[in-house]
Amino acid sequence: MRGKALVAVAAAVLGLTTACGGGGGGGDAKTAGHEEGVPQISITPANGSAKAKPDAGVTVTASGGTLSQVLVKLKDADVPGVLSADKKTWKSSWTLIPGGKYTVQAVAASSKGKTATANSSFRTVNDTARTTINNVIPSPGEKVGTGMPIFIQFNKEVPERAREAIEKAIEIKSTYPTVGAWRWLSAGESFNGLPSLVFRTKDPWKANQSVQVSVHYAGLKIGDSVYGDKDVTRKFKIGDSHVITVNNRSHKLTVKKNGAVVRSWGVSLGTGGEVQSDGIDHLKTTSGVHLTMDHVRLERMVAPGKKKGDAGYYDEQVPFATRISNSGEYIHQNMDDPSCLGNRNCSHGCVRSPSSDAQWFMNWSYRGDMVVINGTGRELQWSNGWGYRQMPFDKWVGGSKLGQPVTTAALGQ
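Just so it is clear: in the sequence shown, position 389 is 389 by this note's numbering, and no numbers are missing.
Please note: incorrect hints may appear among the correct ones.
Unchecked claim - In silico lysine-lysine, BS3-like type, Cα no more than 27 Å apart, as pairs:
#1 K230 to K75
#2 K257 to K202
#3 K101 to K73
#4 K202 to K91
#5 K101 to K237
#6 K235 to K202
#7 K202 to K401
#8 K202 to K221
#9 K143 to K235
#10 K221 to K156
#11 K206 to K257
#12 K168 to K237
#13 K395 to K206
Hints listed in this document are in silico derivations from the structure and should not be mistaken for laboratory results.
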């Protein structure tokens, strides 16, 4: 969203304004007259421009004095900007919305007390890019786990030359400052096939706080002469700390809430014994840090790479299923021999659980809870579902065009 920002200059309160870079080489809007001692104000884009470039923003400068007031409006909304330390230049904070009509009002004062005013009104070009933000995850107002990533997903691959500008145009705020980093994922690396920009924290989020992500996408130059269409803001909450550990040797699952054990039960993991052409034993459960991804009351599960009549084929409706990877792994209700639970591995790769425990877990857990499985002999790949914590953080940072971690700004309650 384009927020409101105010700056104090001497005794004056400055409303922050925005305007675009003039299109077609138009001149600046300036104060009229050249009376001695009266400051001069220059505004870019030019007054009356109908083709201002959204990515150029608004600049207001004063000579022979300092700016005491700058107001930039998009309809009734204030446009934020930054006043220089010497109070002679004001620039809009973000790019402008394509097809927007903006007004600018500025006042400057000299050291001798003389004042000047200047105004500008202009429109930005309406040439929006076909590359748009498809979705932002988590959902609005959702309560998620301490391992939850933030996804900005696009309808198509983002041009390389636009990626750095997009990263710079994102604000993340949280109740407690948190270090993380962005990484660009191709459609093939994404859990749902959408090209994505993903924020992963270095350490888990601190429990019970609020997070807000704002993508100032409108007006960013995406192609040669096309711009991002609109901004997106998403607010969500981090819930209690939920950490689930699954031990393949003891066949036991343990649930902790805020560090204290709240429940445990016997499980059955993947039997193994089916190495496919890719060299992977697909019947083994993967070991590593998984995240809960989805909750389904009744999930259809079909044997991968098999057809009806093949050995090992199955097609079942499985209750109380919580997804933990993209390779078909869930924590779900046991559908077969109950004597396996807590004793031996009988599953096709999932974490089979007693019915009451599977139902409780599906209803209790958040998306983004950490499920740590160990001892299976098959490692979870970082791009399998939301297995991003399998990649060392320093390497994760390398997938950012800025090439450095980000610390979230403070978010007021």
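Okay, the hints, checked on the actual structure:
Among the hinted pairs, K230 with K75 is consistent with the structure: their alpha-carbon atoms are about 16 Å apart, no more than 27 Å. With a C-alpha separation of about 21 Å, the suggested pairing of K257 with K202 holds against the 27 Å cut-off. For the given pair, K101 sits about 8 Å from K73 by alpha-carbon distance, which is consistent with the 27 Å threshold. A threshold of 27 Å between alpha carbons decides the hint, and for K202 with K91 the separation of about 33 Å lies outside it, so the pair is violated.
Simply put, K101 and K237 have alpha-carbon atoms about 35 Å apart, too far for the 27 Å limit, and the pair is violated. Among the hinted pairs, K235 with K202 is consistent with the structure: their alpha-carbon atoms are about 20 Å apart, no more than 27 Å. Simply put, K202 and K401 have alpha-carbon atoms about 17 Å apart, close enough for the 27 Å limit, and the pair holds. The suggested pairing of K202 with K221 is violated, with an alpha-carbon distance near 30 Å, which exceeds 27 Å.
For the suggested pair K143 and K235, the alpha carbons sit about 10 Å apart, so the restraint of at most 27 Å is met. The hinted pair formed by K221 and K156 meets the criterion: a straight-line CA distance of about 16 Å does not exceed 27 Å. Restraint check for K206 and K257: the C-alpha separation of about 13 Å stays at or below 27 Å, so the hint holds. Straight-line distance between C-alpha atoms of K168 and K237 comes to about 23 Å, which keeps the hinted pair within the 27 Å bound.
Restraint check for K395 and K206: the C-alpha separation of about 22 Å stays at or below 27 Å, so the hint holds.
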